[in-house]
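Two chains, two frames, some hints: make the complex.
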Amino acid sequence: MGRRSDSPGLVDAPRLPAAGVLAALLAVAATTLVIYPLRDVAPPVSAGVIYLVAVLLVSTYWGLGPGLLTGLASTFTFNFFHIPPTGGVSIADSSNLVALGVFLVTAAIASRVADIARTRAAEAERRRGEADLAADTARVLLGGATLADALPAAGQLIGAALGLRGAELILDPAQDDDRPGAALDLGGGRQARLVLGAGADDPTLARVSERVVPALEALLRAALERDELQAAVVETQALRRSDVIKTALLRAVSHDLRTPLTSIITAGHAVRSPALTGDERDELGLVVVEEAQRLAALVDKLLDLSKLQAGEAQPRRDWCSVEEVVRTAAAEVAGDDAAGFVLSFDRDLPLVQADAAQLERVFVNVLENARRFSGGHPVKVRARVVGGKMSIRVIDRGPGMSLAHLSRVFEPFYREGAGDAHAGSGLGLAIVRGFVEANGGRVRAESLPGQGTVMAIELSLAEQPSQTTSLERT
Amino acid sequence: MSAARARVLVCDDELQILRGLKIVLRDAGFDVVAAQSAREALDAAALHPPEAAIIDLVLPDGDGVDVCRQLRSWSQMPIIVLSAIGDEDVKIAALEAGADDYVTKPFSPRELIARLNAVLRRVSSTTDEPTIRVDGLEIDLAARVVRRDGDDVHLTPTEYDLLRILARNRGRLLTHRALLTEVWGPQYADDTQALRTHIANLRRKIEPGGEPRYIRTDARVGYRFVG
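Chains as they are written, first to last, in my numbering: chain A, 1 to 474; chain B, 1 to 227.
Excised from the complex, chain B in its bound form (with noise of 0.2 Å):
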């Protein structure tokens, strides 16, 4: 995070949801910039880009979705969604129309942060990194090598290209789907079966202990690397 406050847009109709997140993420070091349509948060984002924007999905003018669709179009800005239906397609719908994360009403204003914080980390550590580095893992983009504290880790292809996904878009959901399109080609977007099994494998090879502590599972949703 730089030294100067980051704008943050937050766009929900509910006044009293706004009431208390601008007070909270003032707190947490942001400068609070309000919408209650996807009128004023297009306007808002427009006039003054903000450096991450949270999304209601359900808003009284549109969709949530479309306003992530098309901040996406001109901004790499992270854009968080406000969840409050437990509809795991629309969630789904949001982070292929660009949105970073999301989270489900009602959440706690710690863990937005906490996601917030993380997006805003992928913006600032995407730039190219020739290395990627989280605790005692280590990828040498360049080279092509993983290490776990010290050791080479002999990933297979398909490993490697999952992995590089995933950490060069840290902190980012990234759903089956893309995944899949990314690392096999989009006519294996729907083989969620090989993507699973693909992701233990790289688990076993890369998590100390089993635990999964790089890569976190959504479940029916997706993947998100978090370091």
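Chain A with its partners taken away, still in its complex shape (with noise of 0.2 Å):
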């Protein structure tokens, strides 16, 4: 892994024949000058051996060219130095013939056999680096979160690997798109294209289309299925919490509906009767229309929610007054009863930005649930600033919740004893959080069994408008 950046490893590094030739030459001087002392104490031929180490050094490492190159120079310095008549070239002798042929016949077998060796372990070398390359870009094509966040990091990992400047893997390319690169095809209809930055040349093509590109096809298939199979598992969860909402809905509305329903026609059968007294005529009709405020109630509810669940309830924010929609709010709950809610606002209380209606349905539904599990006790109602917040606490004396429900009683369809004929329909407490949310606040429900509830409603304060902006509107 740690070789990535600096060893590239997938091509070749070129050459150059002019360092061939003068490693030839200065391979051929040097053993001149190492041989030239002795040319007193060892015999001429012993010495000319010393030219085959040249000879064999050279065309090891750079090949035919140079290693026949060092030969032939090599026969000639010997001849010149060493060969009487010295300071002359004769190669008329047959012994220098002789060195010739050697020096030559090893120069190609050297060569060959370093040039077989030297394929072979670049081949070697380019393999590994293959392979290390299809392990790192599997590591990050499956290792993301999705396909195309990896995109971009594998398109680097392969354009490190091939030595190029960059390299860009595009998912669904364009038709027109013709920089240099490779097309994939990644079945079921799906294309994708790796463009190769500046200095892809015709061979690191071709080596990539037949090395890179099979490998790349294949984990890009196998991504993208992931990302598939995890888009259903997604949505198949979305499905199945979308079926239990749809489920309690219906339930719901089975309940709440039906029963202000069964009134209403039970009432308007009764209303026939002949032998009606003045009381149950004006009974009767009070109960068709409190029982359809009912539905009505109820259907405000449902939409609320709704909106709520489909992310449509944008709040409309401005300037206002926690008091004004407190005392609003209470006033349409308490209908006649008035001594139903004890309202304490502290002086001087800061606006809130947010929307004015939502928040009105919001302690509609807060103040209706409070007053359902009084117990007939008066619900009280403070709203004071607490650590830089708006703080409502809406506080009933009723009989209290257990923490098991109170970690739910703001799931929607949420009811604290499901026979409970006093739970309502599981809507209004949903509603609060969804619109408090929604407004930049937070709700949260407090409780001890036997000791009443309190939702403490907090909302942030954003900086007050000014002086001046009040006065200009008034």
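These are computed hints drawn from the structure, not numbers from a lab.
Mixed in with the good hints, there may be bad ones.
Looking from chain B toward chain A, a few residues come up when the C-beta cut is under 7 Å (computed) [stated by the list, open to error]:
hint : residue
1    : E14
2    : Q16
3    : R19
4    : G20
5    : L21
6    : D27
7    : V32
8    : V103
9    : K105
10   : P106
11   : P109
12   : I113
On a predicted model such as this, the values are computed, not experimentally measured, just so you know.
The C-beta atom is built at its ideal place from N, Cα and C for all residues, glycine as well.
See the structure below:
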């Protein structure tokens, strides 16, 4: 893994012929320098053998051409410096011809053997590079969250491995993309393209389409498949969740719509009774009106909730007074029962930035809920600023709730004790949370069984409108 | 129905429903005793046993199914449950706890009164009548003979047992499980497939024109014998 950037391995470093010629001449010169002092102690032929070392070295490292050159140069130099008459060249001597032949054959064999070894080593290195690249690409492509997220990193990886400035992997490329690169077929009509940056020559392109593309295609197919599976899982979960909500909705509708409908239908039949007193007639008329209102309120709630769940409850936030909103909501809920709520507001409460209509729905629902559970005791509402936030606490003296219920009361259709006829629709608190959170606030329930329940709503206080602005407005 | 006005206990926590029902039932010839909770209902029933009871399944202090069970523990009075929940399981639980029938809210008061009269007829007729006669159908329980318009109808023993149980519980909705347990035994309580097959055969033999007239189907819950 660590060798990714420092040793590409997929392309050969070109060998320069000039360097080979230079190496050949230098080797011959160096050998001559080494053996020249020995010309008096060693017989010329044995000294000549030393040139073989130069021929071997040069042909091994620089190949046949420089090797042969070294052989030729060695023959001439040896002849010139060591074969009497020194200082001149004569190849007439058969031993000279033998030496020349030996040098040349040595050069040919050594360079060939070295070439084969070098080619094999290079091939092994390339294979290793390819394997490393495949492993790294797999890690990047399959390790990321989604294929789209992983593509840029995978492109860079491939570019680095090819020794290019950069490479780019494009899913579903444009038809007219004619930058150098390779097309990838991902099956199922999906296409991708590996675009290679500057410096991609034809051999590199050929190598890429032969060695890189097949593995890359397989990896991209696997990644696409994984993406699809993930999407399917997410979709299944969402469907299951919405199924649960639908079932709960059906139950809620079943109970909460049918009950007032039954009252209205029964009252409708009863009002036709020939033996009806005036009081009874009034009573039945009231039943119809009240139950119809109850249905209307439920329809409102269902609409609120469906808006919230569809994410369509965009608040129109403006400066509004919590006191005004709470008083309006309390008046709506209390009806004729003016003593039902005890409201207290700190003096000089700041304004909040919120959708006043949505806040009103919040408090209508919270107050209705509190009154339902307060067992006839007045419900207290207290609004003040705590820790830089607007805090509104709605306190009932009802039976309270256990911890298990507290954590779930804001779920749609959740009712404490399914058989409890006081439990309401189970929609109210879900609406409360939805609207409070849409307006950047928070709501939580605090309760101990037997000690009543507190619904604590917290709204953030933005910078207050300046005095001048509010003066201009009035 | 006897000449005296029958007393009916009505238990529903919805005052608004009680208000209308009182008047409708009064017009149909019943005296209504109203209760708004399970405890009120049980107390009222113990104090002046009514001829029949109408019990809502959702009550503030308990479960209508429990009220059925407790009433049934000491009384054979017909019980009709009011169900607001479209949930078959709850209806079946109530029927197995002793309810005779159910109506689903929003119900038509006329339908409720028809059901009420049907179950009341059952009570007045089950006192070991040797022969049950409904329109053209005659079931001679002593001789184990069934006649339609005077002609003998040949029934298998299973079909006869089914018909006998349904007819003896005239007006009452019998769950699949109750019928299966009664005719085949408790180990066959879930074999609704067999039940449907036998009911179909029985109907073919006794229903004139193939139209279900005596045996009515309540999908997913059970069968009732009407007439």
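Taking the hints in turn, this is what the structure says about them:
1. E14: Given a least distance of 6 Å, the restraint on E14(B) holds.
2. Q16: This hint holds: Q16(B) lies near chain A, its Cβ roughly 4 Å from the closest one there, short of 7 Å.
3. R19: R19(B) check passes; min Cβ-Cβ to chain A is 6 Å, inside 7 Å.
4. G20: Constraint on G20(B) satisfied, holds at 3 Å.
5. L21: holds, 6 Å
6. D27: The hint holds - D27(B) has a Cβ within 7 Å of chain A, the shortest such distance being about 5 Å.
7. V32: This interface hint is violated because 12 Å lies over the 7 Å limit.
8. V103: violated, 10 Å
9. K105: Given a least distance of 4 Å, the restraint on K105(B) holds.
10. P106: Check passed: Cβ of P106(B) comes within 4 Å of chain A, closer than 7 Å.
11. P109: holds, 4 Å
12. I113: With a closest approach of 10 Å, the I113(B) hint is violated.
Checked against the numbered hints above, the structure violates hints 7, 8 and 12; every other hint is satisfied.
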